[in-house]
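Taken in order, the sequence shown gives residues 1477 to 1873; the numbers are from the working numbering.
To be clear, the hints were calculated from the coordinates, so they are not data collected in a lab.
Quick caveat, the model's predicted, so the values are computed rather than measured.
Below, computed lysine to aspartate or glutamate pairings styled on EDC-like, alpha-carbon distance capped at 16 Å: (1) Lys1591 x Asp1574; (2) Lys1617 x Glu1832; (3) Lys1838 x Glu1828; (4) Lys1849 x Asp1574.
Label pairs and their in silico Cβ distance ranges: (5) Cys1858 x Asp1566: 30 to 36 Å; (6) Ala1656 x Ile1563: 38 to 44 Å; (7) Glu1832 x Ser1572: 18 to 24 Å; (8) Glu1538 x Lys1760: 54 to 60 Å; (9) Thr1712 x Asp1566: 51 to 57 Å; (10) Thr1752 x Ile1563: 48 to 54 Å.
Don't be surprised by glycine CBs; every beta carbon is placed ideally from N, CA and C.
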Amino acid sequence: MSTTNIFTPFSEEELIPKEEKLEVIKKGKQFSIGIPKETCLNERRTCITPDAVQVLVEHGHEIIIESGAGQGSFFTDLQYSESGARITQDAKEAFSQDLVLKVNPPTEEEIDYFKPNTYLVSALQINLRDKEYFLKLAEKKINAIAFEFIVDEYKQLALVRLVGEIAGTVSILYASELLALSNGLMLGGITGVRPTEVLILGAGIVGEFATKAAIGLGASVKVFDNSLSKLRRLHTLVDSRVPTSIIDPKELSKSLRRADVVIGALPRLNMQPIVTEEMVMKMKKGSVIIDIVIDNGKAIETSELTTMDDPYIIKHGVIHCGLPNLTSKMPRTTTKAISNFFLSYILNYDIEGGFENMLIRKNEMKQSLYMYKGRHTKKVICDRFGLTYHDINLLIF
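Can you build the whole structure from these sequences, using the hints too?
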């Protein structure tokens, strides 16, 4: 029996059927998210709005919100419930979820409510913490992410920037209120009346928005920073209308004597304050100091931590405000801004396959952690509190 030769450009091996490879998108498991009620510093902000809850529930997440969590931001339990969240009266239940979203760090009592391996996302406010806080979190084998360390794909501190924009603007609005209270001056410029003088320490995001707000009100503004590139950037943003200076004690002292308002927006973590008590003593009576960075290393030596109930103290005839949660004075706007961030943040991790997958694949995710399964992974914290440092890249690879 003869076989017919058929011409083909393919080899016999190439003609053998092969299995088809389909792309498999590995999805992370949907997780439960706990939103506890804030209990310290008279906190009025929360991390998520009812609108964001609705989107997350539609994506399969379970949201457990402690009753009254949104009250300070004027969001009711009913609004959250109608958006698909489950309202609980028990704080322990809100803290025992896979992911816990908070504005302020948990108290020692609240840390007891966590279950092991929980992901905690909150502010850290390192200046207000002690060694015991980190040791207690470590006992619970927590994965802790700090607002201050969250980095986006452009290597920017995304949440710090967002809250900083609000803080800069609020600092000027609140300074205006305090100035009227202390000596009856209006912050700004009126025809025939000398404009008030505002001195801003720091040309970062907070300094930038404080500068814009002060200029908008008609004040005379001067900005100090040790970074020429930041000062140059600010100059460009405000059309060179603002005199700037490197922090030179003589020049700074001269400007402080003339200032009606001083905004401290330059973090001094593990460093000496820029404005000394001696400089404050020479300031005008009734002038106002707002130290925004008090929770991250104060910029003014005489600053002290204050609360919403008692927002300022008077030293050497100068009003000092040291609110670590200044943006809580505008809770609804701040809550909306933070919620917008976290909505995209969580949905992004859904697409990429969950937190664990993101930790392996994305370096910026690793950088946002200060604790991984109870191990301390931020050198700046370990150095400050004498903790054992673990390189995150050796724990996750």
